[in-house]
Amino acid sequence: MTNMKKTLGNILIYFMVAIILIFALFPLWWIANISFKTSEEALVIPPKLIYEPTLKNYKEVLFGVEREDNEGRWVPSTKGFMKQVGNSLVVSLTATFVAMLAGIPAAYALSKFKFKKKQNISFFVLSTRFVPPIVIVIPLFVAFRKLGLMDTKLGLIILYVFANLSLVIWMMKGFFDEMPNELAESARVDGCGQFGALFKIAVPVTLHGIAASAILVMINCWNEFLFAVLFTAKNAKTVTLAVMGYVTVREVAWSNMAAAGILITIPVLIFTIISQKQLVQGLTAGAVKG
Amino acid sequence: MKKRLVALFLAVIFCLSLITGCGGGDTPGADAPASDAPTAPEASSEQDPATLTEKDYWRQCEGEEIIFATYVGGEADYVDSLLSEFYDLTGINVTIEQYPEDQLYQKVQIDTVSGTGSIDCFTMDMMRMPEFASSGYLTKVQGYIDNPQFTDKEWYQPDDILAGPLSTAKYNGELYGIPYTGETNILMYRKDLLEAAGCQVPTNFDELWDVASKIHSKETAGIALRGQRGSGMNIYTWTQFFRGFGGEFFVDFPNDMTPTVNTPEAIEATKYYAEILQNYGPQGVANWTNMEVYTGQASGKVAMTMDANAFAAIIEDENTSKTRGLWGCAMVPGGKGGSWPAIYSHTMCINEFSQSKDAAWLFVQWVTSPEMTLKRGLKTGVPARASSWEAPEMKEQLSYICDGTYTDVCLESLQKADASYRPIFPNWNEMGDILGIAVQDVIAGGSTAEEALNKAQADIETMLKQKGYLS
Amino acid sequence: MSLSKRVGAWLEKRYIGCFLAPALCIMGAFALYITVALIYLSLCSWNTTSPAPSFIGISNYLNILKDTVFWKSLGRTMIFVVCTVTGEIVLGFIVAYALNRKIRGLGVIRTLVIVPMAVTPVVAAMFWKIMYDPSLGPINYFLSLLGIRGPEWLGSTSTALISVLIVNIWEWMPFSFLTITAGLNALPKDAYEAAMIDGATKFQTLFKLTIPMLKQVLLTLILLRTIDAMKAFDLVFTMTRGGPGESTQLLPYYIYLKGFQWFDLGYAAALSLVLLLICNYGFKFFINKTGVKVFYD
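Protein chains in written order, with our numbering: chain A, 1 to 290; chain B, 1001 to 1471; chain C, 2001 to 2297.
To be clear, the hints were calculated from the coordinates, so they are not data collected in a lab.
Possibly wrong hints are sitting among the right ones.
Using 27 Å as the maximum straight-line C-alpha spacing, the simulated DSSO-like pairs for lysine-lysine come out as follows [as the list claims (entries may be wrong)]:
#1 A:Lys112 with C:Lys2066
#2 A:Lys117 with C:Lys2066
#3 B:Lys1336 with B:Lys1322
#4 B:Lys1336 with B:Lys1214
#5 C:Lys2066 with B:Lys1455
Given the structure is predicted, the values throughout are model-derived calculations rather than measurements.
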């Protein structure tokens, strides 16, 4: 009897899981589908579920289109997006590195020490996350012009560091909170100073948390659109821009855009999957304890 | 103490930036051989080799570098591919920056309001041009055209530029740019479906309704028009009906700026627009942009449209369209207020704050010259010069569109199209967007035409009062 | 004593400052500059009729008070935020709770559930838009195969906001799922055993035990997600432009319209500051009221 009930329960669970999975995966499946279709067939309803898949879109996206091919029709981008991939990599990696470098000590201090105005500082850090990006664009634009930071990777890196610092501090503080105070104390007794305690003890102990924060920041930078579009032009263009470049005044190259979308999703997906355990820990480190 | 740390920190960033090569950009064409003698490009030498090689005005800005910002697309890629010719001709280094269209104007806007002038020239939506012109952000170009130091009129043939598009580049009678493209709306219809239903091509709104009702089916909607709100979105196509039913935007533009968007004509037009879409339009049309309209055409979901001519090339393209070869085109139908083919143009403007205005003008001149306009037109199908539309190459190249009737219909439509289609004034975008909200609301069934337009009228009046157009 | 050692010792004494300085300098510089610039701009008229910022005092703020579109957008934003945060967390909780047991393929299923989080938001929005389309998209087509006549989704004033909500929930439900899963895993097992012995039903354990013990996790989630939801712009921008009518016009999009479409930069700056203040005080209130352990010890 209970066995029956259990099986029934399991069936129900599986049914629910199936629905959730369809909801979660359908869009990506559909995008992938389009990416293997010719543009003629991309958006035909009823959709052809059995078709001859083509890699043409991927080839065009990665390596560009021969100019001779586009006789009489408009091909959105003729250059492929390898350069933008490179830009995005450099920008997200560097921004993540700098944000971690600045964020970790701050998080450590907020977690382990008592000092004046700590609450105010904490709230200030958090409040930089409240700022809707659209709000700060105009003042920043003026400043970037003056400093010659327009369309440079450095400019984007600075923006992304700012945009992600509070996330780093937020997450890392949670990890440091979890770390027993005695650990750091014992290090200091052993003759390490506060710096030693941070770098020799606290950082190694919270490596999984650092990884999780770093990955989140990197994903944020990789996917960012608004800053990228307004503060870059040609040299520092990022992948999201390259993908949206398939929407032109005269045409939306659905199948090319789908291929590009899939390509830029893959690295993020891999990272997310590999690090999901750490991500989980990182996101909740502070809260779970409470 | 803190200062030192900051300095250290900045140093780290700086080093990082060196390592990663931040800010480094390759300058295209920098290593191209700089020829001593001015050489005209092949293109212009066909026109008049003598005038060009003799004129040394082309080389007066040698060595300068300019940035041209434009919307993403094959057109920009194409111009990009010919930049070496321009470099050989002038010694000017042009960099093309491409943006999605919305972001292009944001970009230009923040560049001009901050007065930095880093983008030397750009393409501008004709309806946005007045904002920029009235603020003094755009260079007046008539002086350049009239100055033989800068323009060889015989070669440039300014009179060849179509009057409609040219008038869209004017604000308060001053010319602020040169049309980069000349676009209009045409009626596109599925020949096979019209024939099967025994219909003639509609020439007025009654016939249009009749045809739409007859060819409408579950699989293929009778007609599709833009539904999504926006001064350049649903209002762009809605105005054909608004004006066609005899509606006017103002009591007497630009002298009496009292809006008249809730007149009986306006309500009738909006009702018609919404009802024809509700009855014979595709499902979900209230959120349709031009993108869905042509995608619907290409995939066989739509039988008739009154949208931009530029899309005809995609719809008849063998690589992108399932319904290629099935389309015919004609002038847009009209009503008691006449027939109002839309007019749209991207205007090529020069930034008033640019350090290299002369060089920018040479570039504008080159890009909009008869030869280049034709070359670009062959790619896009929307040149702004009469000579391009009449050129045999053009007819030949575009003969696959609507059985070769495309070029004639477009030229006729462009010549008939009037720049006053939508009122050209600095706050048009706000006004058009308010109207767009109303029209979309009616299509989506949120309110009746009367309610929506009364509200729009009130909102527009408030806005115009705030901006000082009305007392 | 060598110089480097002396510098080291000097630094060591001021370790808290040293730890905080880099981060606070970066954030402080940005925040200060942005705030000052915004306050200045919000007191100016800077639009098509006055191309250079000219000082007009607080009249932008007075206009905001009278601006019905602003109040409506604000109300809509609140509805949006409440619905999306609730939806994400409830759905995330249900999935996490359902998967918090030993079933076959658990690892794979968990991985698949978090996939939407990895898709670039703008790309996802682009494709959701066309997927929703009743004529061109697959959703209504597949629904019709099941005998369901799908709604007009983004094309109707009554369903547009819900449709945008669904996409936002789709994208962020995995985040709640991940967090809640972690929270569930960290719960002490003995409490459950005790409850079992007392003969508590599943529902009782869920509401009397699990949810109260997850309070901190849930509050943190609510805070984090609310912060992001207040900024929602990309979805509206890509999918609806605020339409049909004004049915999906959220405050950030209204700011964009005013500033970047209608060129009213002074007014947009004032709106921005108002939004900023609402967020600041709203979140402060939330943190104090709920006692969510964010940065306070």
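So, going through the hints one by one against the coordinates:
Restraint check: the Cα-Cα separation between Lys112 (chain A) and Lys2066 (chain C) comes to about 48 Å, which exceeds 27 Å; the hinted pair is violated. Between Lys117 (chain A) and Lys2066 (chain C) the alpha-carbon distance is near 38 Å, which puts this suggested pair outside the 27 Å criterion. Our distance criterion of 27 Å between C-alpha atoms is broken by Lys1336 (chain B) and Lys1322 (chain B), whose separation comes to about 36 Å. The straight-line distance between the Cα atoms of Lys1336 (chain B) and Lys1214 (chain B) is roughly 23 Å, inside the 27 Å bound, and the hint therefore holds.
For the proposed pair Lys2066 (chain C) and Lys1455 (chain B), the alpha carbon gap of about 16 Å is at most 27 Å, so the pair holds.
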